[in-house]
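Working from the sequences, and respecting the hints, build out all of it.
From first to last, the protein sequence lines are chains A and B.
Under my numbering, the residue at position 234 of the first sequence is numbered 237, and the numbers go up by one with no gaps.
Under my numbering, the residue at position 14 of the second sequence is numbered 353, and the numbers go up by one with no gaps.
Honestly, I wouldn't trust all of these hints.
Estimated spans, in silico, between C-beta atoms of each pair [what the hints assert, rightly or not]:
# : chain 1 : residue 1 : chain 2 : residue 2 : range
1 : A       : P481      : B       : P446      : 42 to 48 Å
2 : B       : F379      : A       : D311      : 33 to 39 Å
3 : B       : T431      : A       : V16       : 29 to 35 Å
4 : A       : H465      : B       : E344      : 43 to 49 Å
With a straight-line Cα cutoff of 16 Å, these simulated EDC-like cross-link-like pairs (lysine to aspartate or glutamate) come out [as the list claims (entries may be wrong)]:
#  : chain 1 : residue 1 : chain 2 : residue 2
5  : A       : K476      : B       : E425
6  : A       : K476      : B       : E427
7  : A       : K476      : B       : D376
8  : A       : K480      : B       : E425
9  : A       : K480      : B       : E393
10 : A       : K480      : B       : E464
11 : A       : K167      : B       : E425
12 : A       : K476      : B       : E399
13 : A       : K193      : B       : E393
14 : A       : K394      : B       : E464
15 : B       : K402      : A       : E31
16 : A       : K476      : B       : E464
17 : A       : K480      : B       : D351
18 : A       : K480      : B       : D406
19 : A       : K423      : B       : E427
20 : A       : K423      : B       : D387
21 : A       : K193      : B       : D424
22 : A       : K164      : A       : D188
23 : A       : K167      : A       : E191
24 : A       : K193      : B       : E425
Everything labelled a hint here was simulated from the structure, so no lab data went into it.
C-beta atoms are modelled at their ideal positions from N, C-alpha and C, and glycine is treated no differently.
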Amino acid sequence: MIKNEALIFEKSVPGRRTSLLPVCDVPERDLASVIPAAFLRQQSAELPEVSEVDAVRHFTALSKMNHGVDSGFYPLGSCTMKYNPKINEDVARYSGFSRIHPYQSEKTVQGALELLYQTDRMLAEITGMARVSLQPAAGAHGEMAGLMIIKAYHQYRGDTKRQKIVVPDSSHGTNPASAAVVGFDVIEVKSNESGGVDIPSLKAVMSDEIAGLMLTNPSTLGLFEENIVEIAEIVHQAGGLLYYDGANMNAIMGKTRPGDMGFDVVHLNLHKTFSTPHGGGGPGSGPVGVKKELVPFLPAPVVERAVDKYVLDHNRPLSIGRVKSFYGNFGVVVKAFAYIRSLGAVGLREASETAVLNANYIRARLQDDYELPFGKTCMHEVVFSAQKQMKLGVSALDIAKRLIDFGYHPPTIYFPLIVKEALMIEPTETESKETLDDFIEAMRQIAREAETSPELLKEAPHDTIVKRLDEVKAVRKPILRYVKEV
Amino acid sequence: MKIIEGLKYSKDHEWVKVEGNLATIGITDYAQHSLGDIVFVELPEIGDAIGKEETFGVVESVKAASDIYLPISGTVVKINEALVDEPELLNTDAFENWMIGVEMDDPTELDALMDATAYETICHE
Numbered sequence: 004m005i006k007n008e009a010l011i012f013e014k015s016v017p018g019r020r021t022s023l024l025p026v027c028d029v030p031e032r033d034l035a036s037v038i039p040a041a042f043l044r045q046q047s048a049e050l051p052e053v054s055e056v057d058a059v060r061h062f063t064a065l066s067k068m069n070h071g072v073d074s075g076f077y078p079l080g081s082c083t084m085k086y087n088p089k090i091n092e093d094v095a096r097y098s099g100f101s102r103i104h105p106y107q108s109e110k111t112v113q114g115a116l117e118l119l120y121q122t123d124r125m126l127a128e129i130t131g132m133a134r135v136s137l138q139p140a141a142g143a144h145g146e147m148a149g150l151m152i153i154k155a156y157h158q159y160r161g162d163t164k165r166q167k168i169v170v171p172d173s174s175h176g177t178n179p180a181s182a183a184v185v186g187f188d189v190i191e192v193k194s195n196e197s198g199g200v201d202i203p204s205l206k207a208v209m210s211d212e213i214a215g216l217m218l219t220n221p222s223t224l225g226l227f228e229e230n231i232v233e234i235a236e237i238v239h240q241a242g243g244l245l246y247y248d249g250a251n252m253n254a255i256m257g258k259t260r261p262g263d264m265g266f267d268v269v270h271l272n273l274h275k276t277f278s279t280p281h282g283g284g285g286p287g288s289g290p291v292g293v294k295k296e297l298v299p300f301l302p303a304p305v306v307e308r309a310v311d312k313y314v315l316d317h318n319r320p321l322s323i324g325r326v327k328s329f330y331g332n333f334g335v336v337v338k339a340f341a342y343i344r345s346l347g348a349v350g351l352r353e354a355s356e357t358a359v360l361n362a363n364y365i366r367a368r369l370q371d372d373y374e375l376p377f378g379k380t381c382m383h384e385v386v387f388s389a390q391k392q393m394k395l396g397v398s399a400l401d402i403a404k405r406l407i408d409f410g411y412h413p414p415t416i417y418f419p420l421i422v423k424e425a426l427m428i429e430p431t432e433t434e435s436k437e438t439l440d441d442f443i444e445a446m447r448q449i450a451r452e453a454e455t456s457p458e459l460l461k462e463a464p465h466d467t468i469v470k471r472l473d474e475v476k477a478v479r480k481p482i483l484r485y486v487k488e489v
Numbered sequence: 340m341k342i343i344e345g346l347k348y349s350k351d352h353e354w355v356k357v358e359g360n361l362a363t364i365g366i367t368d369y370a371q372h373s374l375g376d377i378v379f380v381e382l383p384e385i386g387d388a389i390g391k392e393e394t395f396g397v398v399e400s401v402k403a404a405s406d407i408y409l410p411i412s413g414t415v416v417k418i419n420e421a422l423v424d425e426p427e428l429l430n431t432d433a434f435e436n437w438m439i440g441v442e443m444d445d446p447t448e449l450d451a452l453m454d455a456t457a458y459e460t461i462c463h464e
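Written as structure tokens, this is what we have:
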């Protein structure tokens, strides 16, 4: 049983230390005599004062309250919470990668530059793009960079009327947000009955003001967009470009490529698909890849291969400029490189095949217990609806909370927005059939409980330190820092 | 679920109350119920000219942020500022707590909207 843990500030005792330093044997000077008054703190910082063992126990206790991929199944749809081999962490910590400095001369970091160059080449091959910039630090950052490239491309051609970006109503929330950040107006198109882009609605919004279309394929419903070639033609004929949100890349590695589907710009989430743990706030990496005609607009610098060495090419007059200090989150790129090289082309394809198989296994085995809004074969994730349970007064939220009692991280709920009471489950390729069977049994038990003892779900979770949180208060009146009570 | 007779309804779950050339607009009870606990409301400025089916505001709940569309074109003449401070009023009574009032550009656009009976039907689909 995990007990609640006081804040470390509440454990603070004045004067308590983790280590006792010997008495200072050089003359002390008043701080005010060496630092201008304007830079001196007027009040104590009131940092917590605890012993080393108290600090260790505090943070160990907090870590036990956490749920991660290392502690259990984490089928959080749309997030690809797969297990990442620890050897890739080890490789990223090799001193030749971890103890170099971005200001070192190129001559002394040839290995690191080669790794950046090779990763660019491999990701370009996987996505069907010409070149890839490894600078963006996360998915939405990659989206921003990609949209800036689209904007720069249209402006370079003098086509300044193109101020609108089209997104489907099933898109990731970051898509319209990124477009707005880059200064585009956002136009939403509806989905059709099978969960794809509605072609007549898409045609209706096309004009010479459209800069491009942002699409995830497979879509956020976990379904492959079967009309993708037609969609690409419609957008290209109207003079727009196609942006591929690579958040769902885990479904298609080695099977199909965004470039082959007609996309012009792609971002990937290395921290989803390519072996960096995520969900902990970073660091991540959101490389952006482009087709040949957009290469001049990529962020600078890019690594180029000269006759006998690798160089950083800063001389790129059409570049959108830097989007991140130095060369991106290098350690994350090292992990992606190690992952791709250790799996190889065949291994990456098998990873995607297993991810899709696992999702379909769950789909097939839970479709009698939970409503399946789109009945066809899914890709790497499956979206159920708790509409059947809603008739009994049990919501997707209640089901998600009850899953915590079984030791699982809940799936994504209420997303995508176009499915009522959505439960979005992404098992990933790294889970065994036994794990999936246990999860399926838990979901079936919960479906039975919804009929026989709904209060079990309404009151869940039962074994956690806190029960249902006040989500409204958390959003409207968040307490973001400790304030000492006087 | 509450539906009020005499109002006009859009397929995006907005209601419209017509008084002369003034249209008062809000979200329906069905909409507030689907959204769940509402935590933020964003409204346009008075004087904004907004086209038919363009976004006039945002309603954010614990589940999602949703754009709210103007079912008819017009110019904003009043906004319900109480909602900015107390967005939960929409959960309390979505019909009582209107969002904006617009001076309509073309009252014939109202013809495309539904009456209470038709709206009730689509809510049950």
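Cross-check of the supplied hints:
1. A:P481 to B:P446: 42 to 48 Å: Distance hint for P481 of chain A, P446 of chain B holds at roughly 44 Å.
2. B:F379 to A:D311: 33 to 39 Å: Check failed, 58 Å falls outside 33 to 39 Å.
3. B:T431 to A:V16: 29 to 35 Å: This hint is violated: roughly 47 Å between Cβ atoms.
4. A:H465 to B:E344: 43 to 49 Å: This hint holds: roughly 45 Å between Cβ atoms.
5. A:K476 to B:E425: holds (12 Å)
6. A:K476 to B:E427: holds (11 Å)
7. A:K476 to B:D376: holds (10 Å)
8. A:K480 to B:E425: holds (12 Å)
9. A:K480 to B:E393: violated (31 Å)
10. A:K480 to B:E464: The given pair, whose Cα atoms are some 37 Å apart, is violated under the 16 Å limit.
11. A:K167 to B:E425: Given that 16 Å is the threshold and the Cα spacing comes to 33 Å, the pair is violated.
12. A:K476 to B:E399: holds (14 Å)
13. A:K193 to B:E393: holds (15 Å)
14. A:K394 to B:E464: Distance ~14 Å between K394 of chain A and E464 of chain B Cα, so the pair holds.
15. B:K402 to A:E31: violated (57 Å)
16. A:K476 to B:E464: Roughly 33 Å between the alpha carbons, so the hint for K476 of chain A and E464 of chain B is violated.
17. A:K480 to B:D351: violated (30 Å)
18. A:K480 to B:D406: violated (23 Å)
19. A:K423 to B:E427: violated (21 Å)
20. A:K423 to B:D387: Not OK: K423 of chain A and D387 of chain B at ~33 Å, beyond 16 Å, violated.
21. A:K193 to B:D424: Distance ~32 Å between K193 of chain A and D424 of chain B Cα, so the pair is violated.
22. A:K164 to A:D188: Given pair K164 of chain A, D188 of chain A holds - Cα atoms ~12 Å apart, limit 16 Å.
23. A:K167 to A:E191: holds (10 Å)
24. A:K193 to B:E425: Cα-Cα ~31 Å, so violated.
The structure is inconsistent with the numbered hints 2, 3, 9, 10, 11, 15, 16, 17, 18, 19, 20, 21 and 24, although it conforms to all the rest.
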